[in-house]
Amino acid sequence: MPEIPKAYEPKAVEERWYEFWLSNDCFVANPQSVKPGYSIVIPPPNVTGVLHMGHVLNNTIQDILSRKARMEGKEVLWLPGTDHAGIATQAVVEKTLRKQGVMKHRDDLGRETFLEHVWAWKEKHGGIIIQQLKKLGCSCDWSRERFTMDPAYSRCVQQVFAALYKKGLIYRGKRMVNWDPAARTALSDEEVEMVEEKGQLWHLKYPLVQENGEIEADKFVVVATTRPETMLGDEAVAVNPADPRYTSLVGRRCFLPLRNKTIPIIADGFVDPKFGTGCVKVTPAHDPNDYEMGLRHSLPVTVVIGPNGAMTAEAGEDFNGLDRFEARKAVVEKLTTQGLLLKTEDYVHNVGYSQRSNVPIEPYLSEQWFLKYPSLEASTKAVEEGRIAFHPERWTKTYLHWMHNIRDWCVSRQLWWGHQVPVWSAEITPGSNAFDCLEGIRKALTSRTDVSCRAKLKDGKTVEVLAAGTLPAKSDVSQLEVCIGPDSVDVARELEAHGFKQSTDVLDTWCSSWLWPFATMGWPEKTETLKKFYPTTDLVTGPDILFFWVARMIMAGYEFMGDLPFRNVYFTGIIRDKLGRKMSKSLGNSPDALELISKYGADALRFGTMRSAPLGQDVLFDEKDVELGRNFCNKLWNACRFRQLHGGEVQGEIAPELLSGYDKWILLKLNQAIREISAAFAEYRFNEVTQTLYRFFWSEYCDWYVEASKAVLAQPTERGNGQAQSGQEARKANTLAVIDFILSHTLRLFHPFLPFITEELWHGMGYHQDMPPQLGGTTIMFAPWPKPLDEDFCAHYGLDGCYLEIIDQKFELVSQGRNLRREANVPSGKKVRFVLKPGGVVPPLDQEVLRLLLNAETLDVDPGYQPKQGTPSVHSEIGELFLPLEGVQDVAGEVARLGKELEKIQSEISKVEQKLNNPNFTTKAPAQVLLEHQQRLGEWQGKRERVQAALDRLKGGES
RNA sequence: GCGCGCUUAGCUCAGCGGUAGAGCACUUCCUUCACACGGAAGGGGUCGCAGGUUCAAACCCUGCAGCGCGCACCA
Numbered sequence: 001m002p003e004i005p006k007a008y009e010p011k012a013v014e015e016r017w018y019e020f021w022l023s024n025d026c027f028v029a030n031p032q033s034v035k036p037g038y039s040i041v042i043p044p045p046n047v048t049g050v051l052h053m054g055h056v057l058n059n060t061i062q063d064i065l066s067r068k069a070r071m072e073g074k075e076v077l078w079l080p081g082t083d084h085a086g087i088a089t090q091a092v093v094e095k096t097l098r099k100q101g102v103m104k105h106r107d108d109l110g111r112e113t114f115l116e117h118v119w120a121w122k123e124k125h126g127g128i129i130i131q132q133l134k135k136l137g138c139s140c141d142w143s144r145e146r147f148t149m150d151p152a153y154s155r156c157v158q159q160v161f162a163a164l165y166k167k168g169l170i171y172r173g174k175r176m177v178n179w180d181p182a183a184r185t186a187l188s189d190e191e192v193e194m195v196e197e198k199g200q201l202w203h204l205k206y207p208l209v210q211e212n213g214e215i216e217a218d219k220f221v222v223v224a225t226t227r228p229e230t231m232l233g234d235e236a237v238a239v240n241p242a243d244p245r246y247t248s249l250v251g252r253r254c255f256l257p258l259r260n261k262t263i264p265i266i267a268d269g270f271v272d273p274k275f276g277t278g279c280v281k282v283t284p285a286h287d288p289n290d291y292e293m294g295l296r297h298s299l300p301v302t303v304v305i306g307p308n309g310a311m312t313a314e315a316g317e318d319f320n321g322l323d324r325f326e327a328r329k330a331v332v333e334k335l336t337t338q339g340l341l342l343k344t345e346d347y348v349h350n351v352g353y354s355q356r357s358n359v360p361i362e363p364y365l366s367e368q369w370f371l372k373y374p375s376l377e378a379s380t381k382a383v384e385e386g387r388i389a390f391h392p393e394r395w396t397k398t399y400l401h402w403m404h405n406i407r408d409w410c411v412s413r414q415l416w417w418g419h420q421v422p423v424w425s426a427e428i429t430p431g432s433n434a435f436d437c438l439e440g441i442r443k444a445l446t447s448r449t450d451v452s453c454r455a456k457l458k459d460g461k462t463v464e465v466l467a468a469g470t471l472p473a474k475s476d477v478s479q480l481e482v483c484i485g486p487d488s489v490d491v492a493r494e495l496e497a498h499g500f501k502q503s504t505d506v507l508d509t510w511c512s513s514w515l516w517p518f519a520t521m522g523w524p525e526k527t528e529t530l531k532k533f534y535p536t537t538d539l540v541t542g543p544d545i546l547f548f549w550v551a552r553m554i555m556a557g558y559e560f561m562g563d564l565p566f567r568n569v570y571f572t573g574i575i576r577d578k579l580g581r582k583m584s585k586s587l588g589n590s591p592d593a594l595e596l597i598s599k600y601g602a603d604a605l606r607f608g609t610m611r612s613a614p615l616g617q618d619v620l621f622d623e624k625d626v627e628l629g630r631n632f633c634n635k636l637w638n639a640c641r642f643r644q645l646h647g648g649e650v651q652g653e654i655a656p657e658l659l660s661g662y663d664k665w666i667l668l669k670l671n672q673a674i675r676e677i678s679a680a681f682a683e684y685r686f687n688e689v690t691q692t693l694y695r696f697f698w699s700e701y702c703d704w705y706v707e708a709s710k711a712v713l714a715q716p717t718e719r720g721n722g723q724a725q726s727g728q729e730a731r732k733a734n735t736l737a738v739i740d741f742i743l744s745h746t747l748r749l750f751h752p753f754l755p756f757i758t759e760e761l762w763h764g765m766g767y768h769q770d771m772p773p774q775l776g777g778t779t780i781m782f783a784p785w786p787k788p789l790d791e792d793f794c795a796h797y798g799l800d801g802c803y804l805e806i807i808d809q810k811f812e813l814v815s816q817g818r819n820l821r822r823e824a825n826v827p828s829g830k831k832v833r834f835v836l837k838p839g840g841v842v843p844p845l846d847q848e849v850l851r852l853l854l855n856a857e858t859l860d861v862d863p864g865y866q867p868k869q870g871t872p873s874v875h876s877e878i879g880e881l882f883l884p885l886e887g888v889q890d891v892a893g894e895v896a897r898l899g900k901e902l903e904k905i906q907s908e909i910s911k912v913e914q915k916l917n918n919p920n921f922t923t924k925a926p927a928q929v930l931l932e933h934q935q936r937l938g939e940w941q942g943k944r945e946r947v948q949a950a951l952d953r954l955k956g957g958e959s
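Quick note on the working numbering: the first sequence kicks off at 1 and runs consecutively.
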């Protein structure tokens with residue numbers, strides 16, 4: 001075993017072991033395995049994304065779960081992949097192509113050429129985040145990496161669309177949707193973010209028109225609006241029918257300034273008479289409520305803002321082509337000069353922003369595809385009844401609220417990067433031959449399950465075209481629409497020959513990712529993988545995509561697999577900077593995860609992140625946390641180095657008869673730690689696990705046990721006395737065996753968190769040699785996960801709980817002794833003499849341990865010790881510990897110190913006594929609690945006596 | 001407006017019914033043969049406020065305040 005370096009150097013170690021794991025297929029999941037299955041699908045990161053702290057948190061958790069499951073003997077599938085991320089990716093590529101001068105708008109290139117550019121981009125940048133996940137140590141089965149636009153995956157998307165269409169859940173309709181004028185596409189409700197903004201409320205005066213059509217000189221209706229530019233498209237002014245102020249106006253008309261036309265004054269219950277003036281301008285084309293009102297009152301729909309956010313010709317010559325915000329200024333200006341602006345108020349309101357483009361969305365009337373969500377009831381109940389468990393649990397409420405108020409999903413996007421809507425349609429005009437296909441389609445319907453057809457009739461109705469039944473007459477049909485699944489592309493070609501055109505829209509990205517848990521496993525085939533690993537066990541994701549992704553996956557799971565997609569959902573917190581702000585590129589507060597890895601090591605980053613990330617709470621990220629992780633790795637490294645310095649082979653069996661109290665103490669502490677860790681894991685409390693491990697290893701093992709063990713290990717071998725020598729050697733070997741036991745367990749417990757360093761040390765320490773090849777012999781990845789020590793084990797090694805207390809008492813004495821020297825201003829480095837006047841039995845070995853821990857020159861054990869007046873001392877159950885100092889003793893100082901201590905003890909005693917003297921407490925508290933209090937009282941009283949005795953002696957000497 | 005979360009040591013946070021904890025920062029001492037990415041000792045808290053339940057409350061309940069986040073069509 002070569003000597004290992006003083007400080008841990010992660011870089012080379014990490015690369016070496018990751019290669020090792022890959023080349024040994026350690027991450028590959030075998031569906032044929034007889035082991036119980038455990039599976040996670042990765043939340044696919046955007047294919048063009050780079051690793052940020054959110055990914056680090058998220059994927060570290062998944063890796064921890066996967067690695068722990070492997071060590072527990074499960075067959076683990078952690079399935080990785082990436083998402084094509086429609087809008088995001090397209091926007092990035094468009095921006096780049098504009099910058100490079102390749103195009104101004106994607107229309108310049110045309111769909112095909114543009115898509116070639118996107119694919120080229122994907123090939124170039126698509127692998128980056130995958131490589132970064134590997135750097136982090138993620139143990140994904142890379143042989144199963146998927147992309148949402150893989151041919152096989154795209155087939156799934158198409159098949160699902162066809163099935164939902166056939167079921168009548170997908171329909172096309174002209175609706176008011178959220179329109180992103182920058183990306184020029186429709187968005188779903190979930191993609192709109194409401195932002196509170198300080199704006200203005202403009203009060204506009206619309207002159208009233210007399211019965212004879214003349215404009216009244218000074219009579220107006222006053223409407224208030226936050227968006228004056230939309231007045232160019234106003235088609236009415238509405239008042240509440242029950243509003244007495246305006247009943248006389250209903251039915252009359254007013255003049256719409258700047259547009260030179262008159263519009264009606266209508267009565268509608270939507271209007272709140274208490275708000276503003278009680279009169280509302282109605283712009284059917286640019287406001288969802290106004291649109292509804294327009295339908296109720298058959299108002300025309302005048303589009304004055306185009307899809308690019310600029311005013312249309314309908315807005316009039318003065319405004320045509322102006323951007324909507326320029327138009328706002330222009331309208332206000334014009335109305336002001338015409339004296340039609342009554343007043344302007346400051347006004348705080350919510351404005352919907354596109355999550356992607358970060359521009360205000362525009363309500364826009366357009367033809368879109370909508371989905372009525374399938375399997376709603378099963379999906380709601382699964383969470384309600386706990387078959388799918390959320391961690392933390394409180395998200396179930398948010399989920400259920402959304403499910404109960406769910407609205408149809410606008411699935412079409414006016415983009416090019418994505419899955420094209422698989423619907424072909426044709427207008428039926430006298431000259432077209434599209435209608436001639438109908439017979440052929442009907443034939444296809446008899447033999448194909450993935451084809452369906454709808455006819456739109458001239459009277460506005462839609463009828464399903466079925467294999468059997470009466471066909472509509474050509475003269476009644478205005479449009480034919482055929483939805484085609486992946487197995488019937490030949491039908492599509494046939495249709496195209498007859499003038500049918502495929503919809504140019506693509507599907508919302510989430511229309512593919514909601515199939516992720518099964519489309520990645522070979523669905524619709526009933527693959528071995530699906531049989532073994534579906535439903536998946538755990539899902540780890542952010543609460544920000546609860547609606548986007550989690551809820552929809554549940555619905556897709558029930559609809560297409562007939563079963564839930566996962567049993568547990570762990571919602572991570574959101575990573576913020578140390579000022580509590582969200583990480584963002586524009587703020588520049590997002591640390592480069594890779595830089596952190598190269599600076600501190602992946603293990604350090606993982607550990608630091610996990611240690612500061614409590615369940616379901618946002619994480620304020622601080623580089624200090626990573627530093628802490630780095631320091632911890634170094635500690636682990638050096639603790640193992642210490643073991644190495646005492647050389648030799650891995651020690652085998654521990655000899656029970658040679659165990660010291662300290663050995664038993666640390667074994668019991670290990671046992672305690674394992675129990676706590678198991679409990680914390682069961683509740684997904686990873687930060688608790690790391691904190692327990694940290695405490696156990698650093699405070700209990702390194703600070704106390706290792707220091708105490710030096711009494712055995714560091715002793716020079718005695719010469720001459722063969723018997724003593726061999727006894728000592730045996731004790732040394734046994735201590736090393738205990739250390740090996742502890743380290744072997746600790747490394748395994750840490751492995752899910754610190755995969756690299758634990759693997760390095762596992763081999764470095766030679767622990768793999770003790771394990772069978774498939775159970776830790778080759779890699780720590782498959783070493784058995786430590787279970788709490790069982791009863792037989794404890795009995796065999798005499799691990800009685802009393803050792804915890806006994807050794808704690810000794811350590812307590814040591815702490816007090818160290819405090820003594822500190823109080824007496826003895827420098828840490830100075831060797832001093834302590835005298836112990838024992839109150840109980842102190843075996844010889846302990847004397848040496850205590851001497852060492854106290855950093856004393858000598859520790860004399862002297863039952864008859866008579867200290868000089870004023871010798872500082874502490875008093876424990878083991879005995880009195882004196883620190884005899886040279887020269888004159890500071891009696892007064894010592895009296896003061898003991899007096900202070902006595903005071904503290906006294907106050908503790910009164911607290912407990914108060915409770916014990918309360919009959920309510922003694923009669924009502926549980927016996928166990930009562931006993932604890934009585935014992936505590938006894939302990940404090942004992943202390944008081946000892947301190948008091950010392951004090952009396954000091955004072956006695958004084959007089 | 002409704003819902004959720006947070007408020008504990010200077011900072012970041014654990015603890016969620018029975019003696020107030022960690023990391024960082026701070027003070028003092030120590031380069032002692034695993035580790036200065038270290039060791040030892042120490043200072044520092046009426047657990048947001050006000051009530052209530054209980055023998056016992058940081059922890060449970062009610063109200064209030066401040067901060068943050070979701071959801072919601074009021075122009």
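A hint or two may mislead.
Unchecked claim - Calculated lysine-lysine pairs in the DSS-like style (CA-CA distance at most 25 Å, straight line):
| # | residue 1 | residue 2 |
| --- | --- | --- |
| 1 | 924 | 900 |
| 2 | 531 | 11 |
| 3 | 68 | 167 |
| 4 | 531 | 74 |
| 5 | 837 | 900 |
| 6 | 710 | 599 |
Stated by the list, open to error - Simulated restraints, written as ranges between beta carbons of each label pair:
| # | residue 1 | residue 2 | range |
| --- | --- | --- | --- |
| 7 | 101 | 127 | 21 to 31 Å |
| 8 | 98 | 168 | 17 to 27 Å |
| 9 | 275 | 211 | 24 to 34 Å |
| 10 | 862 | 726 | 28 to 38 Å |
Quick caveat, the hints were computed from the structure, so don't treat them as lab data. Virtual Cβ for every residue (Gly too), placed ideally from N, Cα, C.
Original post:
Within 25 Å, alpha carbon to alpha carbon, are residue 531 and residue 74?
Top reply: Given pair residue 531, residue 74 holds - Cα atoms ~15 Å apart, limit 25 Å.
Subject >> 25 Å Cα cutoff - pair residue 924, residue 900 >> reply: Distance of about 35 Å is beyond 25 Å: violated.
Subject >> residue 837 paired with residue 900 [C-alpha distance capped at 25 Å] >> reply: With a Cα-Cα distance of about 23 Å, the restraint between residue 837 and residue 900 holds, given a limit of 25 Å.
Original post:
Is the hinted pair residue 68 and residue 167 satisfied, with a Cα-Cα distance of at most 25 Å?
Top reply: violated (43 Å)
**OP:** Using the Cβ atoms, figure out if residue 862 sits within 28 to 38 Å of residue 726.
**Re:** Since the Cβ atoms of residue 862 and residue 726 sit about 31 Å apart, the hinted range of 28 to 38 Å holds.
Original post:
Quick one, are residue 531 and residue 11 close enough, alpha carbons at most 25 Å?
Top reply: At roughly 39 Å apart (the allowed maximum being 25 Å), residue 11 and residue 531 break the hint.
Original post:
Between residue 710 and residue 599, is the straight-line Cα distance small enough, at 25 Å or below?
Top reply: violated (34 Å)
Subject >> Outcome of range test on Cβ distance (residue 101, residue 127; 21 to 31 Å) >> reply: holds (27 Å)
Original post:
Lying within 17 to 27 Å: is that true of the beta-carbon distance residue 98 to residue 168?
Top reply: With Cβ atoms ~42 Å apart, the hint is violated.
Original post:
Range hint 24 to 34 Å: satisfied by the CB atoms of residue 275 and residue 211?
Top reply: For residue 275 and residue 211 the Cβ distance comes to about 29 Å; the hint holds.
Comparing the model with each earlier hint shows violations of hints 1, 2, 3, 6, 8; every other hint is respected.
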